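A.B. asks: Chains A and B supply the protein sequences, listed in that same order. Note that our numbering has the first sequence beginning at 22, numbered continuously upward. Note that our numbering has the second sequence beginning at 11, numbered continuously upward.
Keep in mind the hints are simulated off the structure, nothing from the lab. Do not take every clue at face value.
With a Cα cut of at most 27 Å, we get these calculated BS3-like pairs of lysine-lysine [claimed, not checked]:
1. K67/B x K121/A
2. K24/B x K121/A
3. K22/A x K121/A
4. K22/A x K67/B
5. K67/B x K24/B
Since the structure is predicted, the reported quantities are computational estimates derived from the model, not experimental observations.
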Amino acid sequence: KQEVTQIPAALSVPEGENLVLNCSFTDSAIYNLQWFRQDPGKGLTSLLLIQSSQREQTSGRLNASLDKSSGRSTLYIAASQPGDSATYLCAVRPTSSASKIIFGSGTRLSIRP
Amino acid sequence: NAGVTQTPKFQVLKTGQSMTLQCAQDMNHNSMYWYRQDPGMGLRLIYYSASEGTTDKGEVPNGYNVSRLNKREFSLRLESAAPSQTSVYFCASKPLDNQPQHFGDGTRLSIL
Numbered sequence: 022k023q024e025v026t027q028i029p030a031a032l033s034v035p036e037g038e039n040l041v042l043n044c045s046f047t048d049s050a051i052y053n054l055q056w057f058r059q060d061p062g063k064g065l066t067s068l069l070l071i072q073s074s075q076r077e078q079t080s081g082r083l084n085a086s087l088d089k090s091s092g093r094s095t096l097y098i099a100a101s102q103p104g105d106s107a108t109y110l111c112a113v114r115p116t117s118s119a120s121k122i123i124f125g126s127g128t129r130l131s132i133r134p
Numbered sequence: 011n012a013g014v015t016q017t018p019k020f021q022v023l024k025t026g027q028s029m030t031l032q033c034a035q036d037m038n039h040n041s042m043y044w045y046r047q048d049p050g051m052g053l054r055l056i057y058y059s060a061s062e063g064t065t066d067k068g069e070v071p072n073g074y075n076v077s078r079l080n081k082r083e084f085s086l087r088l089e090s091a092a093p094s095q096t097s098v099y100f101c102a103s104k105p106l107d108n109q110p111q112h113f114g115d116g117t118r119l120s121i122l
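Next up, chain A with everything else stripped away, as it sits in the complex:
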């Protein structure tokens, strides 16, 4: 059974720092991996989607990497800003499922001014 883990559950860093959020999954048979952002009281917003054949995706100050063989993904945030404060979730779509995706429990990020 596929399991997705995100450690740490919470992270606080000063503004301006570069930071890395981690995601690990137990089964390397995935179709793709996504990173989402969730603001308090809101739904999820998709940030980056990495296909299983890709190694990384970039959008602005965000860069997500994927290493299927080791079951890991990282989300790199450059020059962090207070507006980056949110919960970040990763989710994998197993190759065995056409529609289901499996979420990690998220990392709550706080950027201190």
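Mind docking chain B on chain A? Use the hints.
C.D. replies: For chain B alone, kept in the frame of chain A given last:
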């Protein structure tokens, strides 16, 4: 663009009461999903509908029913609410197979 709209935003029920959570999307997406989010557990899939006229169970379907009324609307029904169903419920939709899901803002449901 409205995107994915969920109603109501908040609801308090007594144990044993029934209610239907509504979800509508205006993006002409084929697939729609219902998740629940509990503290420290991420999102878990309750039911999904890959296309109009089809529904399938997800990870935690017990105690719920769904209806894909048409391409736009996908409702979630609790027939006899239990305190264990206190959660935040999210609806999502997706256009094509390899595209990201779009989420509503959630329904916060408390069952006393």
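A.B. asks: For each hint, tell me whether it holds in the structure or not.
C.D. replies: Hint by hint, here is what the structure shows:
Distance check on the hinted pair: K67/B and K121/A sit about 10 Å apart at the alpha-carbon level, within 27 Å; holds. Our distance criterion of 27 Å between C-alpha atoms is broken by K24/B and K121/A, whose separation comes to about 31 Å. Under the criterion of a C-alpha separation no larger than 27 Å, the hint pairing K22/A with K121/A is consistent with the structure, at around 13 Å. A threshold of 27 Å between alpha carbons decides the hint, and for K22/A with K67/B the separation of about 17 Å falls inside it, so the pair holds.
Between the alpha carbons of K67/B and K24/B the distance comes to roughly 25 Å, so the proposed pair stays at or under 27 Å and holds.
Hint 2 alone, counting from the list given before, is not met by this structure.
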